[in-house]
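Colleague: With chain A fixed as given, assemble chain B onto it according to the hints.
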Amino acid sequence: MTESGAGAETEPEAGTRRAAIELDGTDTVVTVLEDAEAGDVVGDDGALELTESVPFGHKVALVDHEPGDEIRKYGEVIGVATESIEPGEWVHTHNCDSARGKAEGRR
Amino acid sequence: MDTFDGYRRPDGRIGVRNIVAVVPLSVAVSAVATQIAGEGPERAHATPHQLSADAPDATLEQTRRILEGVATNPNVAGAVLVELGTERVDGEGIADAVAAAGRPVERLSVRECGGTAAAVETGVELVDDLAAETADARRESADVSELVLAVECGGSDATSGLAANPSVGNACDRLVDAGGTATFSETPEFIGAEHILAERCADSEVREKLLAYVDRREAAAELMGADLRGAQPSPGNQEGGLTTIEEKSLGAISKGGTTPIQDIVPYGSELPVGGGLVLMDTPGYDIESVTGKVAGGAQIAIFTTGRGSTTGNPIAPVIKVCGNPQTWDRMASNMDVNASTVVAGDDLEAVGERIYETVLETANGRPTAAEVRGLREFAINELQPNELGYFDGDGIGDGEEVSRS
Numbered sequence: 000m001t002e003s004g005a006g007a008e009t010e011p012e013a014g015t016r017r018a019a020i021e022l023d024g025t026d027t028v029v030t031v032l033e034d035a036e037a038g039d040v041v042g043d044d045g046a047l048e049l050t051e052s053v054p055f056g057h058k059v060a061l062v063d064h065e066p067g068d069e070i071r072k073y074g075e076v077i078g079v080a081t082e083s084i085e086p087g088e089w090v091h092t093h094n095c096d097s098a099r100g101k102a103e104g105r106r
Numbered sequence: 000m001d002t003f004d005g006y007r008r009p010d011g012r013i014g015v016r017n018i019v020a021v022v023p024l025s026v027a028v029s030a031v032a033t034q035i036a037g038e039g040p041e042r043a044h045a046t047p048h049q050l051s052a053d054a055p056d057a058t059l060e061q062t063r064r065i066l067e068g069v070a071t072n073p074n075v076a077g078a079v080l081v082e083l084g085t086e087r088v089d090g091e092g093i094a095d096a097v098a099a100a101g102r103p104v105e106r107l108s109v110r111e112c113g114g115t116a117a118a119v120e121t122g123v124e125l126v127d128d129l130a131a132e133t134a135d136a137r138r139e140s141a142d143v144s145e146l147v148l149a150v151e152c153g154g155s156d157a158t159s160g161l162a163a164n165p166s167v168g169n170a171c172d173r174l175v176d177a178g179g180t181a182t183f184s185e186t187p188e189f190i191g192a193e194h195i196l197a198e199r200c201a202d203s204e205v206r207e208k209l210l211a212y213v214d215r216r217e218a219a220a221e222l223m224g225a226d227l228r229g230a231q232p233s234p235g236n237q238e239g240g241l242t243t244i245e246e247k248s249l250g251a252i253s254k255g256g257t258t259p260i261q262d263i264v265p266y267g268s269e270l271p272v273g274g275g276l277v278l279m280d281t282p283g284y285d286i287e288s289v290t291g292k293v294a295g296g297a298q299i300a301i302f303t304t305g306r307g308s309t310t311g312n313p314i315a316p317v318i319k320v321c322g323n324p325q326t327w328d329r330m331a332s333n334m335d336v337n338a339s340t341v342v343a344g345d346d347l348e349a350v351g352e353r354i355y356e357t358v359l360e361t362a363n364g365r366p367t368a369a370e371v372r373g374l375r376e377f378a379i380n381e382l383q384p385n386e387l388g389y390f391d392g393d394g395i396g397d398g399e400e401v402s403r404s
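Protein chains in written order, with numbering that gives the first Met the number 0: chain A, 0 to 106; chain B, 0 to 404.
Honestly, I wouldn't trust all of these hints.
Here are the computed distance ranges between Cβ atoms for each label pair [claimed, not checked]: (1) 331/B with 85/A: 45 to 53 Å; (2) 195/B with 81/A: 23 to 31 Å; (3) 24/A with 194/B: 15 to 23 Å; (4) 349/B with 93/A: 34 to 42 Å; (5) 56/B with 63/A: 53 to 61 Å; (6) 25/A with 269/B: 38 to 46 Å; (7) 347/B with 93/A: 29 to 37 Å; (8) 36/A with 60/B: 52 to 60 Å; (9) 56/B with 36/A: 57 to 65 Å; (10) 344/B with 63/A: 27 to 35 Å; (11) 273/B with 65/A: 35 to 43 Å.
Because the hints were derived from the structure by calculation, they are not lab data. The beta carbon of each residue, even a glycine, is placed where N, CA and C say it ideally should be.
If we strip away everything but chain A, and leave its shape as in the complex, we get:
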């Protein structure tokens, strides 16, 4: 479990570091721990730049995902990508879908 430092208290600017948490080394997303804007950075080394705004508690892609790729959090599969997702993009219901509890395609 790694965690980056909290952002500045003042008006955020592009490049502002935002707290985020990666729950397992195999995860393909991180969870941001404060509201973040496009251009903000997350990660210990500030290596990941957000390409769009992401609200508190929501997820950001760490790696490239092709449609059908597994999305991992907690070291487990939480769903599959429904479209291409690039690092720094917001990952949510618009580009990630459950593989479970569906009327069609059940195990």
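Modeller: What follows is chain B alone, placed relative to chain A:
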């Protein structure tokens, strides 16, 4: 050795509250029961619900099991069973069970009283008498291992799996280590995490049973003509950052801690004392789920929330644990423990210990936020006719051998 002062019942169980329960047998008298409790002493609490006077057998049986469990919960000092007088549910059987548990019980029929006004008047007298009779119930020191602790989550968001749930899980581990019982439920929220739960089952029989329950909840959702995606995660969960049921489940299961799963029991069935971690098969609707565990004998519930649930229960004190710092800032007056500090890096163990201490204080009689505010939400999961094919006679939870088809 951690202890608390509780109410020893004649059947040997220990309560943490001394409640006179006013239990309606059907929706026809739910309002009457609420009125009786409202006009009675503070210790009188009603359990209004929606069961009709007549219903399919399996529906009647499930609701009967809940009503009996609620009326015999260790927190109940005595009970008044209210009926219209035309109900098919077995009121006499429930009254017998309450008497067998050593608690005074009275039955009240609106038809025999000659209407609701007379029934409320008589009901208030009965409640007053029961309250007087049970006012000096013996309080004695009991070991924490006699506690059955229900764990629930509602209004989940992304902080639930990061802060509130793992903190409560730590408190559950402490109780189980001390010899008590912790129980969590909401089977739809095992979906996507059942492989982790399965690995933690005490033996293969429990594992098969757990997987069969999960299969059935998933299949039942299909039967309704909709898949789970419409309801799980809920729109509120999604706004809070939860994208899929798998993600919600993986965060949800951490609230039970890390000890082996000793068993999984049907909705509202008796939970063992000193049983370790035991799961219950319940729907995902939090109020119905808490009711099921209280009917199973849980004396206290812990309820985690990210988005800000405020609900309580008429029979068991509900401890609210909040994991979202923004929600804590806005709604602290409805919360009992702030776990949101974990999001900023606070020690999970320390917060877990605080939650465990709050459980002991609550067992000792300190009112929770929901109790102070008179919040006593109650609902019974009622089997609908189109569910019966899945929930009746399939061998799951009725003592017969379980098979996965």
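Colleague: Hint by hint, note whether the structure agrees.
Modeller: Results of checking the hints against the structure:
1. 331/B with 85/A: 45 to 53 Å: The hinted range 45 to 53 Å is violated for residue 331/B and residue 85/A, with Cβ atoms some 40 Å apart.
2. 195/B with 81/A: 23 to 31 Å: Roughly 25 Å apart at Cβ, these two residues keep to the hinted range, so it holds.
3. 24/A with 194/B: 15 to 23 Å: holds, 19 Å
4. 349/B with 93/A: 34 to 42 Å: holds, 38 Å
5. 56/B with 63/A: 53 to 61 Å: With Cβ atoms ~56 Å apart, the hint holds.
6. 25/A with 269/B: 38 to 46 Å: holds, 41 Å
7. 347/B with 93/A: 29 to 37 Å: holds, 32 Å
8. 36/A with 60/B: 52 to 60 Å: With Cβ atoms ~56 Å apart, the hint holds.
9. 56/B with 36/A: 57 to 65 Å: holds, 59 Å
10. 344/B with 63/A: 27 to 35 Å: holds, 30 Å
11. 273/B with 65/A: 35 to 43 Å: violated, 51 Å
The structure fails hints 1 and 11 (numbered hints given earlier, in ascending order).
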